[in-house]
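J.: In the order they appear, the protein sequences are chains A and B. The first sequence begins at 1 in UniProt numbering and counts up one residue at a time. The second sequence begins at 1 in UniProt numbering and counts up one residue at a time.
I should point out that these hints are in silico values taken from the structure, not numbers from a laboratory. One thing to keep in mind: the hints can contain errors.
No copy is singled out in the list; a pair is fine if it fits within one copy or between any two copies.
[Said to hold, decoys possible] Under the rule of at most 25 Å between Cα atoms (straight-line distance), these lysine to aspartate or glutamate pairs were calculated in the DMTMM-like manner: (1) 53 / 17; (2) 224 / 202; (3) 29 / 65; (4) 195 / 340; (5) 469 / 399; (6) 89 / 431; (7) 33 / 113; (8) 401 / 444; (9) 337 / 277; (10) 166 / 86; (11) 25 / 371; (12) 224 / 237; (13) 468 / 242; (14) 108 / 237; (15) 468 / 113; (16) 108 / 178; (17) 83 / 57; (18) 195 / 100; (19) 472 / 65; (20) 25 / 59; (21) 341 / 101; (22) 29 / 423; (23) 337 / 100; (24) 53 / 32; (25) 25 / 461; (26) 195 / 461.
As the structure is a prediction and not an experimental result, all values here were calculated from the model.
Listed below, chain by chain, are the residues.
2 protein chains.
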Amino acid sequence: MQETLSKDDFLYMAVAERFENQIEKNILKTGDKLISLRALSKEQGISISTAYKAYIELENKGFIEARPKSGYFVRFSPSQYLKTPDSPKPSSGLVKVDVEEMLRIVYKTLSQEGVVKLATATPSRELIPEAKLNKAMMEAIRRSPNSCTAYEDVQGNLTLRKQIAKYAFNWNGNITSDDVVTSQGCMEALGFCLKAVTQPGDTVAMESPTYFGIFNVMTSLGLKVLEIPTDAETGVDIEYLENALHTNPVKACLFVPNFGNPSGGLMPDHRKKQLVELLAKHQIPLIEDDIYGEMYFGKTRPKTCKSYDKEGLVMLCSSISKTLAPGYRVGWCIPGKFMDKIISIKLNSTVSSATPTQAAVGLFFETGRYDLHMRKMRKALHTQCLRYIQAISDYFPKDTKVSRPQGGYVLWIEMNKNVNAFELFEKALQEKVSIAPGQIFSTDARFTNYIRISFGAPYSEFIDKSLKKLGKIVESLR
Amino acid sequence: MQETLSKDDFLYMAVAERFENQIEKNILKTGDKLISLRALSKEQGISISTAYKAYIELENKGFIEARPKSGYFVRFSPSQYLKTPDSPKPSSGLVKVDVEEMLRIVYKTLSQEGVVKLATATPSRELIPEAKLNKAMMEAIRRSPNSCTAYEDVQGNLTLRKQIAKYAFNWNGNITSDDVVTSQGCMEALGFCLKAVTQPGDTVAMESPTYFGIFNVMTSLGLKVLEIPTDAETGVDIEYLENALHTNPVKACLFVPNFGNPSGGLMPDHRKKQLVELLAKHQIPLIEDDIYGEMYFGKTRPKTCKSYDKEGLVMLCSSISKTLAPGYRVGWCIPGKFMDKIISIKLNSTVSSATPTQAAVGLFFETGRYDLHMRKMRKALHTQCLRYIQAISDYFPKDTKVSRPQGGYVLWIEMNKNVNAFELFEKALQEKVSIAPGQIFSTDARFTNYIRISFGAPYSEFIDKSLKKLGKIVESLR
């Protein structure tokens with residue numbers, strides 16, 4: 001049934017069109033806040049309901065978005081936008097190319113002074129509520145019967161574990177403090193889990209591309225890596241994995257289903273369920289790195305694989321290193337049926353985690369400060385994400401493709417095949433900009449024309465200039 | 001040439017004899033302070049020089065001791081004293097008896113409420129300058145450009161490393177901050193070192209008896225343990241080790257030359273030199289656990305094996321867990337030529353150590369607070385040591401033998417062959433006293449009639465009663 005257009009319809013469409021033009025012409029920029037419905041209604045002499053319809057129209061078209069309790073914001077202008085990157089398949093079989101040298105060079109730049117660090121996926125100082133965290137530290141020490149000088153329980157600070165269990169409720173996790181063990185950051189937790197379920201020589205399936213640090217961890221444990229192609233929209237290729245399981249003796253999987261690094265992809269919840277069921281069938285433990293899980297831009301916290309875990313085979317690992325304070329080294333693990341093994345491994349490596357930092361974070365959670373902080377941080381990161389994408393689409397060659405992360409910290413950028421990312425990295429460093437070249441995100445260095453850029457730092461003129469420089473270098477390398 | 005005795009000589013000998021009698025009769029107790037030379041001179045109507053001679057006489061006989069800037073104290077009364085324990089040879093070859101179950105039970109009691117914990121070798125609360133440490137923490141956070149929330153340098157906090165290098169001067173260590181890498185406690189440092197120089201299946205030589213936690217670390221790394229008998233007076237049996245090297249493919253040694261746990265022995269400095277030379281000849285790395293090195297009762301800081309290391313083969317590990325704050329998890333390693341390997345291992349396990357705790361301890365060192373604290377702590381521990389020995393010689397059967405540690409925290413006690421230490425442990429626990437049974441200090445559970453007692457807690461009526469109870473149980477088990 002075809003509807004006829006009322007006067008009202010013409011009105012809201014006209015208003016929407018005006019906004020659309022402003023966005024297209026970049027007068028309204030990505031991340032800008034639109035005036036309130038009430039103000040729009042007053043300004044245009046239209047009813048609030050008409051103003052609402054105009055914004056809905058713009059939202060449906062993807063130009064703007066509503067953010068809970070904040071109003072409407074410019075999302076993106078499709079015409080200016082680049083495509084999303086492809087995901088090339090890994091070389092068949094198990095390949096081990098040495099990317100150590102590149103890694104070492106990239107690591108080195110991370111501590112260089114005076115460099116714009118688009119390579120680091122850590123929260124920038126502006127996003128951290130330092131004063132409140134310091135207060136939590138003082139208060140935690142004051143409350144402790146021994147000023148936090150004594151050994152903490154091996155399993156971890158009880159207040160902190162209770163809060164982690166409470167937070168798990170947001171992803172349908174039905175757990176208690178007994179199910180949680182703390183660690184010195186997420187990396188230690190991942191290491192514990194790998195040690196608990198593998199032996200040297202075993203094969204572990206991982207996403208590709210993936211966080212480069214983990215390859216060295218694998219090597220140091222004598223493990224082989226089987227790379228599973230991962231799509232930025234749908235996550236790990238489950239069908240590829242299922243086939244691979246027939247020919248490879250996979251002992252464990254290590255995946256980052258929520259906003260994996262560097263692709264920023266979000267595995268849809270039904271795919272998580274499917275993955276958990278597949279692995280349960282083969283009785284293969286899944287180590288789930290959920291370090292970015294709380295940094296979602298959407299309306300609700302994405303589920304985890306652990307949400308669907310019935311057999312205790314999923315070992316969820318996370319930390320506050322990406323959301324609050326990397327230097328505190330506070331992480332944790334919800335290891336399902338491997339708890340006893342993990343505790344024993346912890347006892348034999350670092351005995352127990354530091355008392356004051358755990359206590360401070362526990363209190364920061366308990367007082368609701370973390371909740372508040374995360375709400376602000378999600379908003380800030382979302383805006384930053386859109387601003388960075390906008391700048392890249394403005395400054396990079398038109399054949400550039402960029403990811404559309406729904407959470408996390410990083411953009412994954414595919415450039416023209418002729419651009420060598422490591423060369424770009426070196427040239428950019430001369431201009432005092434550091435990026436992460438794609439080569440270091442796989443064992444066979446195949447992402448030669450990809451780079452990862454972090455949008456952890458608030459957008460500024462300085463960042464803008466850096467991205468402009470970067471775009472010019474990419475252009476010169478094509 | 002025989003000297004005749006002057007009137008003066010008779011005088012000081014008479015005065016000394018009077019003190020001797022009081023000590024023998026327990027009127028003057030171990031740890032009691034003697035009146036000053038000036039007061040003694042006045043009281044007895046003798047010259048200060050005569051009073052001085054009397055004290056020197058008593059000191060030479062081992063009844064009293066001079067403590068720098070504190071005066072003279074009752075040391076011990078030989079007649080009441082027990083012998084020192086024997087050191088039975090380990091079973092020939094490599095034995096692996098599972099002492100895990102005992103260990104697990106002992107560990108469990110460590111966190112039980114209302115139990116007098118003579119089993120734990122950690123500083124008791126009274127010995128820790130909590131308020132000053134808290135102040136250092138606040139100040140460190142205040143001084144940090146990011147409130148200690150950012151990742152610390154992988155090698156560790158620079159202030160802390162500089163201070164560790166400075167402290168090394170006391171044992172003749174000629175090192176700089178570049179030679180130090182920090183860790184999460186001494187255990188992590190030991191683990192790093194073991195990983196750096198061994199592969200699963202390798203054999204590592206260790207003292208016997210030794211700290212039980214380390215056996216599990218060895219097992220978790222797939223290493224075999226070769227136990228080397230260790231004398232409480234002279235440390236590791238170097239000749240036994242030299243012979244063992246001919247028949248065993250020893251890949252590394254892990255020794256505690258200063259106040260090893262549980263024997264409390266101090267390897268004489270010339271033996272350290274000898275050991276380092278022997279291992280250099282065989283190019284075998286020595287992991288030196290010096291966690292107790294600063295807790296000496298004598299006049300000077302004992303040297304370390306690292307003091308004699310010319311080839312960078314000695315990897316010294318230590319921490320503040322036994323002297324200041326176990327819960328801070330601040331340790332370090334001076335790994336000689338293995339520095340690069342250690343950094344790479346650290347990067348792949350815990351990435352970097354916690355920022356605030358390292359910064360706080362660095363500052364605590366830098367401001368001279370640690371120095372001051374250690375001077376007080378050494379004195380307190382020395383007195384506690386003597387008091388505990390006295391009580392044991394009072395309350396335990398006369399065939400008991402007890403170690404005479406020259407530093408550290410613990411007494412190693414050999415009882416009648418009929419006494420089973422694990423049975424004693426269980427019976428004592430019923431009386432709310434926890435001790436460490438000898439079985440857990442070797443891989444073949446051979447120290448069945450030994451126990452370890454910590455004198456970390458200041459002597460009190462409560463401790464006195466607990467030791468009395470313990471003595472009665474030992475008596476009943478003979």
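J.: Taking the hints in turn, state whether each one holds.
T.: These are the hints, each one checked on the structure:
1. 53 / 17: within (12 Å within a copy, 106 Å between copies)
2. 224 / 202: both (6 Å within a copy, 22 Å between copies)
3. 29 / 65: Only inside one copy: residue 29 and residue 65 sit 13 Å apart there, 81 Å across copies, limit 25 Å.
4. 195 / 340: both (13 Å within a copy, 23 Å between copies)
5. 469 / 399: Within one copy, since 17 Å is at most 25 Å while 83 Å is not.
6. 89 / 431: neither (33 Å within a copy, 66 Å between copies)
7. 33 / 113: Cα proximity of residue 33 and residue 113: none, with 34 Å in one copy and 57 Å across.
8. 401 / 444: within (22 Å within a copy, 64 Å between copies)
9. 337 / 277: within (16 Å within a copy, 49 Å between copies)
10. 166 / 86: The answer is neither: 38 Å in one copy and 55 Å across copies each exceed 25 Å.
11. 25 / 371: neither (37 Å within a copy, 68 Å between copies)
12. 224 / 237: The answer is within: 19 Å in one copy meets 25 Å, while 42 Å across copies does not.
13. 468 / 242: neither (43 Å within a copy, 67 Å between copies)
14. 108 / 237: For residue 108 and residue 237, neither the intra-copy (33 Å) nor the inter-copy (45 Å) Cα distance is at most 25 Å.
15. 468 / 113: within (21 Å within a copy, 63 Å between copies)
16. 108 / 178: For residue 108 and residue 178, the Cα distance is within 25 Å only across copies (16 Å; inside one copy 40 Å).
17. 83 / 57: Within one copy only: 23 Å inside, 92 Å across.
18. 195 / 100: Classified as both: same-chain Cα gap 22 Å, cross-chain 19 Å, threshold 25 Å.
19. 472 / 65: neither (31 Å within a copy, 78 Å between copies)
20. 25 / 59: Intra 18 Å, inter 94 Å, cutoff 25 Å: intra-copy only.
21. 341 / 101: Cα proximity of residue 341 and residue 101: across copies only (15 Å, versus 34 Å in one copy).
22. 29 / 423: Neither, since 32 Å and 77 Å both go past 25 Å.
23. 337 / 100: Close across copies (21 Å), not inside one copy (35 Å); limit 25 Å.
24. 53 / 32: Within one copy only: 19 Å inside a chain, 89 Å across chains, cut-off 25 Å.
25. 25 / 461: Within one copy only: 20 Å inside, 84 Å across.
26. 195 / 461: Intra 46 Å, inter 47 Å, cutoff 25 Å: neither.
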